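Novice: Once you've looked at the hints, dock chain G against the given chain E.
Chains as they are written, first to last, in our numbering: chain E, 1 to 334; chain G, 1 to 308.
Think of the hints as simulated: they come from the structure by calculation, not from any bench. This one's a predicted model, so the numbers in the text were calculated from it and none came from an experiment. Certain hints may be false.
Stated by the list, open to error - Which residues of chain E face chain G? A few of them, derived with a C-beta cut under 8 Å, are:
no. : residue
1   : T5
2   : F11
3   : R12
4   : P46
5   : R50
6   : G93
7   : V188
8   : M190
9   : I255
What the hints assert, rightly or not - Covered, in the sense of this in silico footprint (three residues per stretch, anywhere, with C-beta under 8 Å from a C-beta of chain G), are these stretches of chain E:
no. : stretch
10  : 60-74
11  : 191-203
12  : 260-272
13  : 312-323
Quick reminder that beta carbons are idealized off the backbone N, C-alpha and C, glycines included.
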Amino acid sequence: MAKITLKSYEFRREREGTWRELEELVRRAEKRGLKVLSAAELLRLPHLYRATMSSLSVARAISLDQNLLSYLESLCARGYFIVYGANAGFLDGLKRFLAEGFPGAVRHVRYHVLAAALLMAVGIFAAHMLVSSDSDWFYTIVGESMAQGRTPTATTEELREVLFDDDKPAAQMLQLFATFLFTHNASVGMFSFALGFALGLPTALLMLYNGLIIGALSALYASRDLSVELWGWLSIHGTTELLAIALCGGAGLHIASGILFPGVHGRLETLARNGRRAGVIVIGSVLMFFVAGLLEGFGRQLVTDTAARYTIGGAALLCWMLYFWRAGRVRDHG
Amino acid sequence: MARSAALRLPSISRTSGRRLRRLTTPEGVSFSVELADRGERLGAVLIDLAIMIALLIATTLTLAWAFSQTGLGGIGLSLFLLSFFLLRNFYFTFFELRWHGATPGKRLIGIRVADRNGGRLVHGAVFARNLMRELEMFLPIMLLFSGQGWADNAWIELLTWVWILIFLLIPFFNKDRLRIGDIVGGTWVITAPRHELRSDVVDKSAAPPVPAATAGGRAVAFTRAQLDIYGIYELQTLERVLRDKGPNAAETQKAVADRIIKKIQWDGDPATRPRAFLDAFYAALRQELETRMLFGERRESKDDVKRP
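So that you can see chain E by itself, here it is in the shape it has in the complex:
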C-alpha cells in the first residue's frame, strides 16, 4: 500500500496526547467540579484548553476526518464551559452582589422605580379620596379576607385594637405571621417583575392596586381620627416593604421599556441586558421583603409606642436611601 503521507494524520499523532490530557481533566471536573483538580492540574488546564482550541483551528484547515473535527469541537466546548463557567465562591458572590450588583442596578433604573412609586402614590391618593367620600368604595377595593375585620362597620375601638395588640401572642404566631407576609409579598414582587414582559401594563396596574388598598385603609382610619396611629403601625415595616414593591415595579417597567424602546442595540440585546438588571433587582427585593417581614412580624407587635414606630420606620428608610445612593459607587471621577 502507498505510504500514508497525510498531514492531518501526522498532525493528529503529534497533538493527540494533549487532547487526551484535557479530556481527562474535563471529564473529572464535569463530574465533581473544579475542586477535585490538584493545583498543578488547575495550572495546566488553561494551557491545554488553548492548545486544543488552536488544534481545532488547524484541524479545520487541514483535516477532513469528520470524527476528529466533531471530537475537537465537542472537547473545546466542554473545556470552554469548564474554564469560563467557574464562578467565584458563594460568599464572594454574595458580597459582590450586595456591595455593587444590587445597588448599582437600582441606581440604573431609578426613574422606573420613581414611576412605580408615583403610581402607588396615585393609588393611595385616589382610594383615600374615594373612600372618604363614600365608604361603600371600601368594599370594592379591599376584599373581605384582606380586611380581616377592619371595615367601616367595625367600631373605633376594634380598629384601634388591631394597631396596638395588647395580648402578646405566642412566639410561634409571630413567626408564622412574618413568614406568611414575607412569602406573600415576595411572590407579588416576583410576579410584577414577570408581568413586565407583558409590556408593563399589568405591572403598572399592580402598583396602582397596591396603592388603592393602602389608600382605602388610610381613609377608614382617618374617618376615626386614627390616622397618625395607622401610619405609625404601617411605617415600621412599610418603608422597607413599599420601597421593595416600588423596586419590583420599577424592574418590571424596565423590562417593558426594553421591549418598547430598544435603542441602538436592537430589541433582543437590550431585553437581555435589561432583564438581567431587573433580575438582580428583584432578588435584592426579595431580601428586602425578608427584612420587612422580620420588622413586621416582630417589631410591630413588640413596639407599641407610636413615636418609636415612626422613628424605626424613618431610620429604616434613611438607611435604604443611603445604601442605594452610595454603595458600590466608583470613587474617583478623574
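Specialist: Below, chain G without anything else, positioned relative to chain E:
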C-alpha cells in the same frame, strides 16, 4: 439517481445543520453548539418538577414528624411555608447558579443553559430566566387548579388564557427556540454531546498486515482523474460507512464499493475485496482533497464544480 432499496447509508443528519449555532469564545475561536430540541427541554423540566414535588413531600413529612414529637406547631408551619416558597421559587435558580447552567433534570437529559453571546453565565441571567417561570409555568398551573370563576369577568379570564398561550408558544415561533425566560436573560439551551475520538480510518488500513488486496498482489491505485470526481461530502459519507460496525455493514460496504467503481470507471482487479477497495479509495481521496485544501481549494461535493 435512484438509490436501491436495500442500500441503507447511515443517515447524515442534515436537520442538525439547522439547529447549530456559532458560539465565539473570548479567544476568537468559534465552535458550533447544537440547540436542545423542545422534547429534551420539556423532559428536563418535567423531571425537575417531579424532583421538586418529591422534595416538598419529603420536607413536609419530615417537619410533620419532627414537630409531632416536640409539639411546636407554629414553627413547623412557618418552616413549611418557608420551604415551600424557597423550593418553588429558587429550585431552578439555585441549581443553575451552582452547576453553571444545569439542573438535575437537565443533567440527566444532557442539556445545559449558556449565554447567547458566548460570555459567562452571569447571576442576573439566571435570576431573570427563572423568575419568568412565574408567568410561564406556575401561573397556568395555579389558574388550572383554582377552578372556574377566579376572575369576576369571563373576558378577563379569556384574555389571561390568551396571554398565557402566547407565552407558552413563543419557543415555537423563534428560530433559537427561546422561551420568554431566555429572551429576558439572554441565554439559550444547548446540548452538550460528547464525541469520542476514534482511531483514524486511514490508520486501520495501514496497521495490521493486510493480506494482498488483490489476487495479483498489486496495490489498489487510482488515477488523478478518478479522484477528481467526488468531494468532501462524499468523503465524509464514506468515512461513516467505513466506521459503521452494525449488522449490515458488510452489505452496505459492498454496495457502496460497487457504486463507486462504476462511477469512477475503475479498471482494477474485479476480485478486490470491497473493504480493501474502500479503504484504499478513502485514503487516496482524502489525501487528494486535503492537499487541495492546503492550496485553498475546497471541493464540497461532486456537484461542486468550479472550473475556471
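Novice: Please name the hints from earlier in the document that this structure breaks, with their numbers sorted from lowest to highest.
Specialist: Structure breaks hints 2, 4, 7, 13.
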